[in-house]
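**Q** All chains, please: the whole structure from these sequences, using the hints.
There are 2 protein chains.
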Amino acid sequence: MTMRDRARSTVEALQDAICAALENIDGTGKFREELWTRPGGGGGRTRVLSEGSVFEKGGVNTAAVHGPVPSALEGELLGEGPDFYATGVSLVLHPRNPHVPTVHANYRYIERGDTCWFGGGADLTPYVLYEEDARHFHKTQKDVCDAHDPAFYPRFKQWCDRYFRNHHRGEARGVGGIFFDTVRPDEQHSMEDLFTWWKATGQSFIPAYLPIAERRMSESYDDRLREWQLQRRGRYVEFNLIHDRGTAFGLKTDGRIESIFMSLPPLVRWDYSVKAEPGSPEANLIDVLVSPREWA
Amino acid sequence: MTMRDRARSTVEALQDAICAALENIDGTGKFREELWTRPGGGGGRTRVLSEGSVFEKGGVNTAAVHGPVPSALEGELLGEGPDFYATGVSLVLHPRNPHVPTVHANYRYIERGDTCWFGGGADLTPYVLYEEDARHFHKTQKDVCDAHDPAFYPRFKQWCDRYFRNHHRGEARGVGGIFFDTVRPDEQHSMEDLFTWWKATGQSFIPAYLPIAERRMSESYDDRLREWQLQRRGRYVEFNLIHDRGTAFGLKTDGRIESIFMSLPPLVRWDYSVKAEPGSPEANLIDVLVSPREWA
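The listed protein sequences correspond, in order, to chains E and D. When we follow the numbering used here, the leftmost residue of the first sequence carries the number 2, and every step to the right adds one. When we follow the numbering used here, the leftmost residue of the second sequence carries the number 2, and every step to the right adds one.
Derived by calculation from the structure, the hints in this document are not laboratory data. Be aware that one or more of the hints could be misleading.
Which copy is meant is left open, so a pair is good if it fits within one copy or across any two.
[To be verified] Capping the alpha-carbon separation at 20 Å, the derived lysine to any residue pairs in SDA-like fashion look like this:
1. 253 / 243
2. 31 / 6
3. 276 / 81
4. 253 / 169
5. 276 / 224
6. 253 / 49
7. 140 / 227
8. 253 / 227
9. 253 / 170
10. 140 / 130
11. 276 / 37
**A** Listed below in structure tokens is the structure:
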């Protein structure tokens with residue numbers, strides 16, 4: 002089996018496992034599947050859940066696309082050669098209960114000419130800061146990285162903090178996690194080693210996130226906290242539409258709009274000049290977003 | 002009085018007149034004012050109305066800023082020289098009732114070295130298409146343009162259609178209006194003529210928009226139409242965060258975030274793959290957004 006095929010079957014198996022686990026904890030929400038094909042080559046499997054009990058909106062998408070390198074990406078893709086191949090799974094979950102954090106994850110494999118690389122990671126966006134949740138989420142991913150190379154977690158944790166930042170607000174999108182891109186074989190890491198680690202990282206999503214959702218999903222909340230969540234979801238939209246390279250990549254390559262924008266929250270508020278009260282739980286969260294912390 | 006001062010007092014008088022007219026038709030909503038200063042030079046007067054009876058959210062802002070040309074704008078500003086001056090009024094109104102269209106307007110005057118120019122316009126974003134409203138809005142602005150130069154309206158109407166377009170959706174943001182930039186004196190138009198026309202254009206905002214708001218604000222609507230409005234407001238956010246040069250200008254020049262984002266709607270939905278039913282009023286609106294029409 003080629004690396005392309007192994008990567009593709011890895012992301013499709015991840016999609017199946019993650020959707021099954023999410024439907025299981027949601028209880029009522031079911032994913033709706035849409036298959037699509039890309040005019041330039043390849044296609045994808047979009048799965049969206051709407052108005053579940055736990056998840057107000059969630060998308061877990063896979064794609065495997067190939068063909069000539071789109072001109073808008075000529076300078077952005079590593080390697081040389083006229084054609085590319087990319088496969089990956091991408092997910093965003095927007096829970097209803099503000100005590101349950103929003104989460105994003107993505108695991109991808111890309112080839113151009115003789116050059117191939119892995120990218121991915123998962124990051125957490127809480128509306129109420131539970132330090133034990135942030136620690137658990139980071140620790141689960143750190144363990145997988147450490148088993149492969151102790152240098153990985155510190156590097157990819159920092160990369161995540163730098164990348165998922167609303168620079169115009171001076172705030173991180175959330176409490177981070179790991180983010181990596183263009184991870185290629187070198188003297189210390191064979192392609193086989195990297196594949197094993199990348200696959201394990203993808204498989205760590207369920208144990209990293211689901212226990213957090215399970216322990217927060219039954220907590221009660223009032224209208225004020227719900228409103229705070231809707232306002233903070235506005236920051237999520239700002240990041241995705243202003244800063245996110247994945248969104249820009251999708252729009253530049255004439256990607257499928259509905260699949261790209263499944264990441265946007267179902268309901269969002271923008272009010273003028275909302276400020277957290279000093280000393281409140283909301284202000285406590287903002288402190289951590291302004292100055293990212295070590296969690297593992 | 003210098004042109005700077007005349008332009009500035011024009012935009013400030015417009016702000017006063019527009020806020021008074023809006024409070025008058027709203028009945029309960031009042032604008033809240035915040036003054037701010039820009040570290041590089043100048044400042045502004047932000048006025049925001051929240052949770053009014055007619056207007057769910059509205060902002061009518063003025064600014065007069067000056068100083069060294071920010072490096073991010075070096076190539077984007079006409080003229081030569083190290084310093085610039087800009088003054089303008091900018092407004093966005095998000096009505097509660099989906100029968101009342103959202104509206105945006107902006108009137109600005111900019112100088113750099115010996116070069117100075119006017120920009121501005123107003124465009125309408127309905128959630129339900131009333132052709133007579135679109136015609137009234139265009140006609141009012143066309144009359145002001147025609148009195149000055151019959152070539153202006155056709156040119157600025159087309160510019161508006163081209164500019165306020167969600168290219169990634171293949172849709173206009175709304176039914177348009179007029180949009181113009183870098184309007185400078187030439188053999189046919191003295192600076193004085195242009196100032197007179199620009200001021201009249203700004204003064205046409207109230208008669209162009211308010212009669213529409215007044216005749217639609219008491220129409221009844223159901224939850225389904227409200228939901229359609231919230232979804233369409235998502236398109237407004239997409240335009241402002243992905244395509245709008247004014248937003249990009251503000252973010253690049255370290256503008257005041259809260260003033261820039263006052264344009265974002267108060268409450269917004271993104272649902273997966275919402276499609277208008279063929280033959281419905283919603284589909285009728287989309288047809289006009291996909292292929293802009295002549296209205297005056």
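**Q** Each hint should be assessed against the structure and marked as holding or not.
**A** Consistency of the hints with the structure:
1. When the C-alpha separation of residue 253 and residue 243 is checked against a cutoff of 20 Å, the pair qualifies both within a copy, at 14 Å, and between copies, at 12 Å.
2. Taking identical chains as interchangeable, the C-alpha atoms of residue 31 and residue 6 are never at most 20 Å apart, the minima being 28 Å within one chain and 62 Å between chains.
3. For the identical chains of this complex, residue 276 and residue 81 are neighbours neither inside a copy (49 Å) nor across copies (40 Å), given an alpha-carbon limit of 20 Å.
4. Taking CA atoms no more than 20 Å apart as the test, residue 253 paired with residue 169 passes between copies only; the shortest distance there is 9 Å, against 23 Å inside one copy.
5. Taking the shortest alpha-carbon separations for residue 276 and residue 224, only the intra-copy value of 17 Å comes in at or below 20 Å, while the best inter-copy value is 31 Å.
6. In this assembly of identical chains, residue 253 and residue 49 lie within 20 Å of each other by CA distance neither inside one copy nor across copies; the values are 23 Å within and 35 Å between.
7. Proximity of residue 140 and residue 227 under a CA criterion of 20 Å is satisfied in neither setting, with 28 Å inside one chain copy and 44 Å between copies.
8. Taking identical chains as interchangeable, the C-alpha atoms of residue 253 and residue 227 are never at most 20 Å apart, the minima being 35 Å within one chain and 32 Å between chains.
9. In this assembly of identical chains, the alpha carbons of residue 253 and residue 170 lie at most 20 Å apart only when taken from different copies (13 Å versus 25 Å within one copy).
10. Taking CA atoms no more than 20 Å apart as the test, residue 140 paired with residue 130 passes inside one copy only; the shortest distance there is 16 Å, against 53 Å between copies.
11. For a Cα distance limit of 20 Å, the shortest separation of residue 276 from residue 37 across copies, 17 Å, qualifies, whereas the shortest one inside one copy, 43 Å, does not.
In summary, the numbered hints that this structure violates are 2, 3, 6, 7, 8.
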